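> Just so you know, the sequences run in chain order Z and W. Once you know that position 192 of the first sequence is 509 in our numbering, the rest is easy, because the numbers rise by one and skip nothing. Once you know that position 246 of the second sequence is 563 in our numbering, the rest is easy, because the numbers rise by one and skip nothing.
Since the hints were derived computationally from the structure, they do not count as laboratory data. In this text the structure is predicted, and so the values were computed from the model without any measurement. Glycine is no exception: its CB is placed at the ideal position from the N, C-alpha and C atoms. There could be a bad hint or two in this list.
Residues of chain W clear of chain Z, computed beta-carbon distances all greater than 10 Å [as the list claims (entries may be wrong)]:
{"#": "1", "residue": "400"}
{"#": "2", "residue": "441"}
{"#": "3", "residue": "490"}
{"#": "4", "residue": "500"}
{"#": "5", "residue": "538"}
{"#": "6", "residue": "553"}
Anything over 12 Å on all C-beta distances counts as not near chain Z; from chain W, calculated [what the hints assert, rightly or not]:
{"#": "7", "residue": "514"}
{"#": "8", "residue": "542"}
{"#": "9", "residue": "563"}
Here are the simulated EDC-like pairs of lysine to aspartate or glutamate, each with C-alpha atoms no more than 16 Å apart in a straight line [unchecked claim]:
{"#": "10", "chain 1": "Z", "residue 1": "563", "chain 2": "W", "residue 2": "553"}
{"#": "11", "chain 1": "W", "residue 1": "405", "chain 2": "W", "residue 2": "377"}
{"#": "12", "chain 1": "W", "residue 1": "563", "chain 2": "Z", "residue 2": "421"}
{"#": "13", "chain 1": "Z", "residue 1": "405", "chain 2": "Z", "residue 2": "421"}
{"#": "14", "chain 1": "W", "residue 1": "563", "chain 2": "Z", "residue 2": "377"}
{"#": "15", "chain 1": "Z", "residue 1": "405", "chain 2": "Z", "residue 2": "377"}
{"#": "16", "chain 1": "W", "residue 1": "405", "chain 2": "W", "residue 2": "421"}
Number of protein chains: 2
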Amino acid sequence: MTGVKRDRRRLLRAAVASGVGGGLAAASSPARAEQGRQPMDAKERTPDEGGVRVAVLLYDGFTALDAVGPYEVLCRVPGVTVTMVAEKPGPVRTDTGELGLIAERSLSSVRTADVLLVPGGGDRGVMAVMGNSVVLDWIRRIHRGSVWTTSVCTGSLILGAAGLLRGLPATTYWASRSYLAEVGAVYTPGRFVETGKIITAAGVSAGIDMALLLTSRLTDVEVAQAMQLAVEYDPDPPFDTGSPEKASPELQRLALRLIADSAR
Amino acid sequence: MTGVKRDRRRLLRAAVASGVGGGLAAASSPARAEQGRQPMDAKERTPDEGGVRVAVLLYDGFTALDAVGPYEVLCRVPGVTVTMVAEKPGPVRTDTGELGLIAERSLSSVRTADVLLVPGGGDRGVMAVMGNSVVLDWIRRIHRGSVWTTSVCTGSLILGAAGLLRGLPATTYWASRSYLAEVGAVYTPGRFVETGKIITAAGVSAGIDMALLLTSRLTDVEVAQAMQLAVEYDPDPPFDTGSPEKASPELQRLALRLIADSAR
Numbered sequence: 318m319t320g321v322k323r324d325r326r327r328l329l330r331a332a333v334a335s336g337v338g339g340g341l342a343a344a345s346s347p348a349r350a351e352q353g354r355q356p357m358d359a360k361e362r363t364p365d366e367g368g369v370r371v372a373v374l375l376y377d378g379f380t381a382l383d384a385v386g387p388y389e390v391l392c393r394v395p396g397v398t399v400t401m402v403a404e405k406p407g408p409v410r411t412d413t414g415e416l417g418l419i420a421e422r423s424l425s426s427v428r429t430a431d432v433l434l435v436p437g438g439g440d441r442g443v444m445a446v447m448g449n450s451v452v453l454d455w456i457r458r459i460h461r462g463s464v465w466t467t468s469v470c471t472g473s474l475i476l477g478a479a480g481l482l483r484g485l486p487a488t489t490y491w492a493s494r495s496y497l498a499e500v501g502a503v504y505t506p507g508r509f510v511e512t513g514k515i516i517t518a519a520g521v522s523a524g525i526d527m528a529l530l531l532t533s534r535l536t537d538v539e540v541a542q543a544m545q546l547a548v549e550y551d552p553d554p555p556f557d558t559g560s561p562e563k564a565s566p567e568l569q570r571l572a573l574r575l576i577a578d579s580a581r
Numbered sequence: 318m319t320g321v322k323r324d325r326r327r328l329l330r331a332a333v334a335s336g337v338g339g340g341l342a343a344a345s346s347p348a349r350a351e352q353g354r355q356p357m358d359a360k361e362r363t364p365d366e367g368g369v370r371v372a373v374l375l376y377d378g379f380t381a382l383d384a385v386g387p388y389e390v391l392c393r394v395p396g397v398t399v400t401m402v403a404e405k406p407g408p409v410r411t412d413t414g415e416l417g418l419i420a421e422r423s424l425s426s427v428r429t430a431d432v433l434l435v436p437g438g439g440d441r442g443v444m445a446v447m448g449n450s451v452v453l454d455w456i457r458r459i460h461r462g463s464v465w466t467t468s469v470c471t472g473s474l475i476l477g478a479a480g481l482l483r484g485l486p487a488t489t490y491w492a493s494r495s496y497l498a499e500v501g502a503v504y505t506p507g508r509f510v511e512t513g514k515i516i517t518a519a520g521v522s523a524g525i526d527m528a529l530l531l532t533s534r535l536t537d538v539e540v541a542q543a544m545q546l547a548v549e550y551d552p553d554p555p556f557d558t559g560s561p562e563k564a565s566p567e568l569q570r571l572a573l574r575l576i577a578d579s580a581r
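Bound-form chain Z, shown alone (with noise of 0.2 Å):
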C-alpha cells in the first residue's frame, strides 16, 4: 500500500471517528475520550472526505443476502453511507428472478468509492460480469482509489476477472474454490480472506460475517461488536451442515441441484 493510501484510511478512520464520537462519549466510560479518540479538525477534509462511501454492485443474477448481508450490518455505522450501484440504475433482478433490489446509481455516476463491495451470483450472472469490459473497467477505476476492496461468495472471481487477485489469497463459495486459480488466485481457506486492502469472503451468508471484520477496520471493535449486537447475530442453525467439511458428499450434490434448478 502507498503512503498516499495508508493516509486516506488512516482519515477515513478518524472521520468515522468522529461521526461516532458522541455515541460512544454517551455510551462509555469517560476515560474513552482520553484515549485519542479526537474529532477530526473539519478544515483538514475535501467535501467527499466527510464519511465512508460503500458502493456496492448489483448485477442481473446476483444473489441477494451476498449485497444485503453487509449492507444491513455497514448500514449503520456511523459516517458510513451504502450506495447500491449498477450499470443502469433501477431494479436489478437475483438470480433466481424472484427478486429485485433498486440500484440507486449508475457504475458511470460512480467514479470513486472508499468501500468496493461485490457480491456473488449465480453461474450465469457472474459469467456475464466477468466477460463484461464496462463493469471490469470500473471496478478496476473504483480500485485504484478504494480504501477497501470486498467481495462475497464468487463476487472473488469477478474481482479476479478485473485483474485484482494476481497471485494473491482469497477464498470464494464453497462449490467455486478450483475457479480461483483461474484467474490467478490462490484459495486459501477461511470464512474471509484478508490481503492487503483486499478481504473476500465465502459464500453467500460470510458476508455478514466479513462485514462485521471491515467494520472494526473502519471504526473499532466496540463499534463492529454493538454492530452484531445490533443485528442481533448469535447464530444458531437447527442443523451444522454449512460447509462442505461438514457435508456428505450425497448433501453436496442436492444443494448444487437445487441450486441449479432455482436458476433462471
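Place chain W on chain Z using the hints.
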C-alpha cells in the same frame, strides 16, 4: 390446528417432496424411494396447490435482512415460490432509506398464501403498520388460510397487533422483548419460537435460522441441510456479542444509539 389445516400441511409437504423427487433420487441411496416419498397424483391437487406460496410482507421502513435472509433460504426449496407483497407494488424503502426492494404484488391481489412472513423494521415503520387496519386485516386473512405464519425481529409485534399472539409464546428483537406483553404474547427465549403454526424469530439475522427450520418443516431435514450448505451458513463472526446476554450494558446502549441515529 383443525383437521383441514393438518391435511393441507400434509398436502403441501407431499407436493414439495414431489418437486424435489428427482434431485433426491439422484443424490441419495436407492432405499429412499422405498421410504414412502412418492410423487403425489397431480389430480389430487387444485391448481393453487401445486407448490408452496410464501408471501413476504414489505412495508415502508422494514429491515432488509429480516426479509432477505429467509428469502435466500426458501427461494431454492423445490416447489416454493417467494413473493414480496406490499400495499402497493413497486419499490419499498428500508428503515435506513438507503435500500429499496421491489414488491411484486399488492396486498389486495394476494388473498391466500401457504406461508406468511412478516419482517421487522425500525420503530417508525413498525408502529405505522401496527396502526394500519388495511395491513392488519390482510395479515389476519392470510393467517386464517396459512399453513405457517412467521415473523422475524419486531415482525412479531405486528403479528401481535393483528391479534394472532394472544396468550402464546413468542420472541422478537432483543431490545423489544418487553413490548410482546403489550400485544398479549408471552416472551419466550429462543433463536425462534414455534407454537402451533406460528414461528417467531429473534432479531434480524435470526430469520436465517428460522427459515432453515421452516424448510425442514416444509420438506425434510435433508433438504434443509442442503439449503444450509447452499447459502454456506457456517457462521464464524469475528466477535461474540450477538445477544444482550453476551454484551455489556454499554455495548447495548451503543447498539441502540447506532440504530436510532441511522433511522430515517
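> So, for every hint listed, does it hold in this structure?
Right, here's what the structure says about each hint:
Residue placement check: residue 400 of chain W does not keep its beta carbon more than 10 Å from all beta carbons of chain Z (closest about 7 Å). In this structure residue 441 of chain W is separated from chain Z by more than 10 Å, as the shortest Cβ-Cβ distance comes to about 15 Å. Remark: the non-interface label on residue 490 of chain W conflicts with the geometry, its nearest Cβ contact in chain Z lying 7 Å away (cut-off 10 Å). Chain Z leaves residue 500 of chain W outside its interface by the beta-carbon criterion, the shortest separation being 19 Å against a cut-off of 10 Å.
Listed as outside the interface, residue 538 of chain W is inconsistent with that label: its C-beta sits roughly 7 Å from the nearest C-beta of chain Z, within the 10 Å cut-off. For residue 553 of chain W, the requirement that its beta carbon stay farther than 10 Å from each beta carbon of chain Z is not met, with the minimum near 4 Å. With a least beta-carbon separation of about 18 Å from chain Z, residue 514 of chain W lies farther than 12 Å from that chain, consistent with its non-interface assignment. The beta carbon of residue 542 of chain W is not kept farther than 12 Å from every beta carbon of chain Z, the shortest such distance being approximately 4 Å.
Not every CB of chain Z is more than 12 Å from the CB of residue 563 of chain W (nearest about 7 Å), against its label as outside the interface. This hinted pair checks out: residue 563 of chain Z and residue 553 of chain W have alpha carbons roughly 14 Å apart, not beyond 16 Å. The hinted pair formed by residue 405 of chain W and residue 377 of chain W meets the criterion: a straight-line CA distance of about 11 Å does not exceed 16 Å. At most 16 Å may separate the alpha-carbon atoms for a hinted pair to count; residue 563 of chain W and residue 421 of chain Z exceed this at roughly 37 Å.
At roughly 9 Å between alpha-carbon atoms, residue 405 of chain Z and residue 421 of chain Z fall within 16 Å of each other, so this suggested pair holds. A C-alpha spacing of about 39 Å is found between residue 563 of chain W and residue 377 of chain Z, which places the hinted pair above 16 Å, so the restraint is violated. A threshold of 16 Å between alpha carbons decides the hint, and for residue 405 of chain Z with residue 377 of chain Z the separation of about 11 Å falls inside it, so the pair holds. For the hint pairing residue 405 of chain W with residue 421 of chain W, the CA-to-CA distance comes to about 9 Å; that is within 16 Å, so the pair holds.
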